[in-house]
Amino acid sequence: MAETLTAPLTAKDFATDQEVRWCPGCGDYSILAQVQKVMPTLGIPRENIVIISGIGCSSRFPYYMNTYGMHSIHGRATAVASGLKASRPELSVWIVTGDGDSLSIGGNHTIHLLRRNFDVNILLFNNQIYGLTKGQYSPTSEENKVTKSTPFGSIDHPFNPLALAMGADATFVARTMDRDPKHLQAMLLRTNQHKGASFLEIYQNCNIFNDGAFETFTEKSSKAQETLFLEQGKPLRFGAANDKGLKLDGFNPKVINLDEGHSADDLWIHDEKDIYKAQILTRIFDDPKMEGHLPRPFGVFYEADRPCYEEVMALQIEDAKARKAADLDKLLRGNEVWTIA
Amino acid sequence: MIRKQEVLNDVVIKFAGDSGDGMQLTGTQFTNNTALLGIDLSTFPDFPAEIRAPLGTLPGVSGFQLRFSSDRVYTPGDACDVLVAMNAAALKVNLTAIKKGGKIIVNTDGFDSKNLRLANYPEGENPLENDSLSNYEVIKMDVTKMTREALKEFSMGMKEKDRAKNMFVLGFLYWMYGRDMDNTLTFLKDKFGKKQDIFDSNVKVLQAGYNYGDTTEAFGTTYKVEKAKMQAGSYRSMMGNQAISYGLIAASQKSGLPLFLGSYPITPASDILHELARHKNFGVRTFQAEDEIAAITSAIGAAYGGSLGVTTTSGPGMALKAEAMGLAVMLEIPLIIIDVQRGGPSTGLPTKTEQSDLLQAYYGRNGECPMPVVSASTPADCFDAVYEAVRISVQHMTPVIFLSDGYIANGAEPWKFPKAEDLPPIHLKFKTELGDGEEKLQPYLRDEKLARPWAIPGTPGLEHRIGGLEKQNVTGNISYEPENHQLMVKIRQEKVDKIANYIAEQKIDNGPEKGKILVLGWGSTYGAIKSAVAELLAQGHPVAHAHLRHVRPFPKNLGDIIKNYDKVLIPEINNGQLIKIIRDVYFVDAKGYNKIMGIPITKTELVEVIKEML
Numbered sequence: 001m002a003e004t005l006t007a008p009l010t011a012k013d014f015a016t017d018q019e020v021r022w023c024p025g026c027g028d029y030s031i032l033a034q035v036q037k038v039m040p041t042l043g044i045p046r047e048n049i050v051i052i053s054g055i056g057c058s059s060r061f062p063y064y065m066n067t068y069g070m071h072s073i074h075g076r077a078t079a080v081a082s083g084l085k086a087s088r089p090e091l092s093v094w095i096v097t098g099d100g101d102s103l104s105i106g107g108n109h110t111i112h113l114l115r116r117n118f119d120v121n122i123l124l125f126n127n128q129i130y131g132l133t134k135g136q137y138s139p140t141s142e143e144n145k146v147t148k149s150t151p152f153g154s155i156d157h158p159f160n161p162l163a164l165a166m167g168a169d170a171t172f173v174a175r176t177m178d179r180d181p182k183h184l185q186a187m188l189l190r191t192n193q194h195k196g197a198s199f200l201e202i203y204q205n206c207n208i209f210n211d212g213a214f215e216t217f218t219e220k221s222s223k224a225q226e227t228l229f230l231e232q233g234k235p236l237r238f239g240a241a242n243d244k245g246l247k248l249d250g251f252n253p254k255v256i257n258l259d260e261g262h263s264a265d266d267l268w269i270h271d272e273k274d275i276y277k278a279q280i281l282t283r284i285f286d287d288p289k290m291e292g293h294l295p296r297p298f299g300v301f302y303e304a305d306r307p308c309y310e311e312v313m314a315l316q317i318e319d320a321k322a323r324k325a326a327d328l329d330k331l332l333r334g335n336e337v338w339t340i341a
Numbered sequence: 001m002i003r004k005q006e007v008l009n010d011v012v013i014k015f016a017g018d019s020g021d022g023m024q025l026t027g028t029q030f031t032n033n034t035a036l037l038g039i040d041l042s043t044f045p046d047f048p049a050e051i052r053a054p055l056g057t058l059p060g061v062s063g064f065q066l067r068f069s070s071d072r073v074y075t076p077g078d079a080c081d082v083l084v085a086m087n088a089a090a091l092k093v094n095l096t097a098i099k100k101g102g103k104i105i106v107n108t109d110g111f112d113s114k115n116l117r118l119a120n121y122p123e124g125e126n127p128l129e130n131d132s133l134s135n136y137e138v139i140k141m142d143v144t145k146m147t148r149e150a151l152k153e154f155s156m157g158m159k160e161k162d163r164a165k166n167m168f169v170l171g172f173l174y175w176m177y178g179r180d181m182d183n184t185l186t187f188l189k190d191k192f193g194k195k196q197d198i199f200d201s202n203v204k205v206l207q208a209g210y211n212y213g214d215t216t217e218a219f220g221t222t223y224k225v226e227k228a229k230m231q232a233g234s235y236r237s238m239m240g241n242q243a244i245s246y247g248l249i250a251a252s253q254k255s256g257l258p259l260f261l262g263s264y265p266i267t268p269a270s271d272i273l274h275e276l277a278r279h280k281n282f283g284v285r286t287f288q289a290e291d292e293i294a295a296i297t298s299a300i301g302a303a304y305g306g307s308l309g310v311t312t313t314s315g316p317g318m319a320l321k322a323e324a325m326g327l328a329v330m331l332e333i334p335l336i337i338i339d340v341q342r343g344g345p346s347t348g349l350p351t352k353t354e355q356s357d358l359l360q361a362y363y364g365r366n367g368e369c370p371m372p373v374v375s376a377s378t379p380a381d382c383f384d385a386v387y388e389a390v391r392i393s394v395q396h397m398t399p400v401i402f403l404s405d406g407y408i409a410n411g412a413e414p415w416k417f418p419k420a421e422d423l424p425p426i427h428l429k430f431k432t433e434l435g436d437g438e439e440k441l442q443p444y445l446r447d448e449k450l451a452r453p454w455a456i457p458g459t460p461g462l463e464h465r466i467g468g469l470e471k472q473n474v475t476g477n478i479s480y481e482p483e484n485h486q487l488m489v490k491i492r493q494e495k496v497d498k499i500a501n502y503i504a505e506q507k508i509d510n511g512p513e514k515g516k517i518l519v520l521g522w523g524s525t526y527g528a529i530k531s532a533v534a535e536l537l538a539q540g541h542p543v544a545h546a547h548l549r550h551v552r553p554f555p556k557n558l559g560d561i562i563k564n565y566d567k568v569l570i571p572e573i574n575n576g577q578l579i580k581i582i583r584d585v586y587f588v589d590a591k592g593y594n595k596i597m598g599i600p601i602t603k604t605e606l607v608e609v610i611k612e613m614l
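Chains as they are written, first to last, in the working numbering: chain A, 1 to 341; chain B, 1 to 614.
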């Protein structure tokens, strides 16, 4: 045996002997480090953790985690994970995927996994570019983006991943970023805690093909102005001096300055359980270059309780077993038999 | 009235009507009734392409052919002795399939001017009123009128009443063949027991049909077919898709692996999903996936977790699953891919049969991607064949393709069902701990079969990663080494080839071990070849029949068998697929007989083909 499991595990126990092969400076390193830090704190035996990935830079992830893992095929990690979770509900199943993998080639499986609500954790590394195939635009790339496959600018309108998840009736929808390790760790913990399909979008910098895509949100100079960190039961506040906030004007979110006669009591109070407000929140997706734009929210947008597919499946089986014994001879024999002497 | 009873040896009946006329149900009931008497039989339902084509039209005709005999039968028959035609379209579509002198039982109400027009008969022409049917014995009955008459006391609407028409025909045939009706009464009770009105009306019409035969003087003779001389034992009627489902459940029970089916509905495979979904008491998990790709990849996920992973589909779905099959080959993980073939390419002929996915099963994937292929030859054979596919898959750690087709899927035959305890065991062992001197799991360390260990999540100390990238032998680490790739390609091929050491040798099904012609078949051509060769052997011709279950790898002795005959004939319902592989592997100048019409090869045509070669 490698080691006894009585000693508390550390991040090191989750590292493998495989050389990590992402480009130097890739945002994936930070995500890997935070996942390795968080995993030992979850109280889940290492052998019960399975990481399933598709294809893309992010999908190399399982090779670097000393758990069970499968590097599957492009877009299908969600479907592989669905079959695994359906048949082995006791396992902790994590899906590591990218914007191309889960929103383009595998978009169909992603939405169906969400509506079925398997109790799995989806970590969507969104870098808004195809890295592994060396720089084509992705389904989350902004319009007019010039890439190798769009020399005159992309004419594709991008997905808003969290709005898509809400549309597919996800029961946990959250966003974080590679450059904020503390927030990333906190979101990983919440993702794991949620019972049901958890959808965590992680803004991840691809320093080779799309460097700085999220720098407005991640750089110290602009982060406070441009981001809004959601906290349950707290007003939506942001700004360098925490002096701004969002309020709802009818169905429209509006920025207000707290020093202009508004108090914190006027602000929108965040409620993760409110599906209507969550849909407005995920729709806050303005281009930071746009005049009068709203700050980009991070944190848990929405969480709901809904029965998980694998649980209900197991209940149906238990119920069927209780009503009818598994008698193979009876099955093979059937009801209409004749005998030849 | 005293009537003559004539004893017949072999009868083929075809029930034909609108797809809403209940002909499949009528056929199935008559089949079960026949089976319960120990008469051998074979059936072939002929579904229309459309779910509900316009009433009365040619594309809307649904048929069910049943052959029963006091001898063993292996096909549903080339031509009919009796055709039941519920309307003009049903007659027109099936007229060429009736033997000269055969009986045609027609519902005259289905030959009114509207029905004749819908069936494209020229204005003013009614086949019942001219001499176009003079070669046949036509029995005219106004089924609609007599059904309504029987139900005149019932309060239901006319449309509802007319739905019982098929029961009148069934009752009449029960009379004609001297049957009792107990099985159908039980069936109706189970189906409509809670709706007393519907139950009563069906029974009333069934009896009315029987009594009509019994009391009408026009019908002088009833017929009887004696029990067939079959092997002693207990039998039931079995259809192909049902047999696949039962074979999978049995394999799951005997191997101890929970069964997981990932499937997307597709004709003609959907009935396997339907059947397995009913048997949750055996711990069966059925997952109706969002598409064909999710169907197979979910099954791969389940297999990775230690289930018996299965996916079911037909040709178009096979094409969609190809990439995932490649993953299963790289993962070297057990998985059963069931292809119930139909006419192609593309959407092709969804309700018609074909054997045209063999080359796809052999070669239809990117890279060097060998997989074992097992095929079923008759409906009941599906049980044993799929059981064998599971054994190969789990013992050799490889995905296996199982080929059936539309003809087998929906056909039925008597099945001498096994006892659970008599089924061969399926031995397998998960790896549960590291061996002596092992520091960590070597996921691609191989045994004498070249199979790698199956270590499932949840096993402490065996954490490991696998994936679709080329991997180093033994360690499973990603490897781009040129020599390693060559080694791994060769190993994956050798692993499949080695299965030949673990399967039964090929047998001659019928005929001499050496001779003039070997008819070599696979899949659903079994019955036609069997019957044709039997007929020629009876005439003294040196002809033999061998039928493959294992299409990849071939049984070790197949080459030797082929050498024992002057000529080899390979009949297939495709444009020549097995023949390409046989020629490639054994350098034999085999001849093909290829029918690509969406319908089975008949015994009669095959006899002619073989005779020409003699």
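Derived from the structure by calculation, the hints contain no laboratory data. Some hints here could point you the wrong way.
Unchecked claim - Here are the simulated lysine to aspartate or glutamate pairs, DMTMM-like style, with alpha carbons at most 25 Å apart:
no.: 1; chain 1: B; residue 1: K114; chain 2: B; residue 2: D142
no.: 2; chain 1: B; residue 1: K429; chain 2: A; residue 2: D319
no.: 3; chain 1: A; residue 1: K330; chain 2: B; residue 2: D142
no.: 4; chain 1: B; residue 1: K280; chain 2: B; residue 2: D142
no.: 5; chain 1: A; residue 1: K330; chain 2: B; residue 2: E438
no.: 6; chain 1: A; residue 1: K254; chain 2: A; residue 2: D286
no.: 7; chain 1: B; residue 1: K227; chain 2: A; residue 2: E336
no.: 8; chain 1: B; residue 1: K280; chain 2: A; residue 2: E47
no.: 9; chain 1: B; residue 1: K280; chain 2: A; residue 2: E318
no.: 10; chain 1: B; residue 1: K280; chain 2: A; residue 2: D327
no.: 11; chain 1: B; residue 1: K440; chain 2: A; residue 2: E47
no.: 12; chain 1: B; residue 1: K416; chain 2: A; residue 2: E47
no.: 13; chain 1: A; residue 1: K330; chain 2: B; residue 2: D384
no.: 14; chain 1: A; residue 1: K321; chain 2: B; residue 2: D422
no.: 15; chain 1: B; residue 1: K431; chain 2: A; residue 2: D17
Going down the list of hints, with the structure as the test:
1. With a C-alpha separation of about 16 Å, the suggested pair B/K114 and B/D142 falls inside the 25 Å cut-off, and the hint holds.
2. For the hint pairing B/K429 with A/D319, the CA-to-CA distance comes to about 29 Å; that exceeds 25 Å, so the pair is violated.
3. With a C-alpha separation of about 43 Å, the suggested pair A/K330 and B/D142 falls outside the 25 Å cut-off, and the hint is violated.
4. Restraint check for B/K280 and B/D142: the C-alpha separation of about 46 Å exceeds 25 Å, so the hint is violated.
5. Distance hint between A/K330 and B/E438 is unfulfilled; the C-alpha atoms sit about 46 Å from each other, more than 25 Å.
6. A C-alpha spacing of about 13 Å is found between A/K254 and A/D286, which places the hinted pair at or below 25 Å, so the restraint holds.
7. About 16 Å separates the Cα atoms of B/K227 and A/E336, which keeps this hinted pair within 25 Å; it holds.
8. Between B/K280 and A/E47 the alpha-carbon distance is near 28 Å, which puts this suggested pair outside the 25 Å criterion.
9. Between B/K280 and A/E318, the direct Cα distance comes to roughly 8 Å. Compliance with the 25 Å bound is thereby established for this hinted pair.
10. Only pairs whose Cα atoms come within 25 Å are accepted, and B/K280 paired with A/D327 is accepted, the gap being roughly 12 Å.
11. Using a Cα cut-off of 25 Å, the hinted pair B/K440 and A/E47 holds, with the two alpha carbons roughly 13 Å apart.
12. In summary, the hint linking B/K416 to A/E47 is not supported, as the alpha carbons are separated by about 45 Å, beyond the 25 Å threshold.
13. For a cut-off of 25 Å, the pair hint linking A/K330 to B/D384 stands: about 18 Å separates their Cα positions.
14. Taking the CA atoms of A/K321 and B/D422, the gap is about 24 Å. The hint holds against a cut of 25 Å.
15. The suggested pairing of B/K431 with A/D17 holds, with an alpha-carbon distance near 22 Å, which does not exceed 25 Å.
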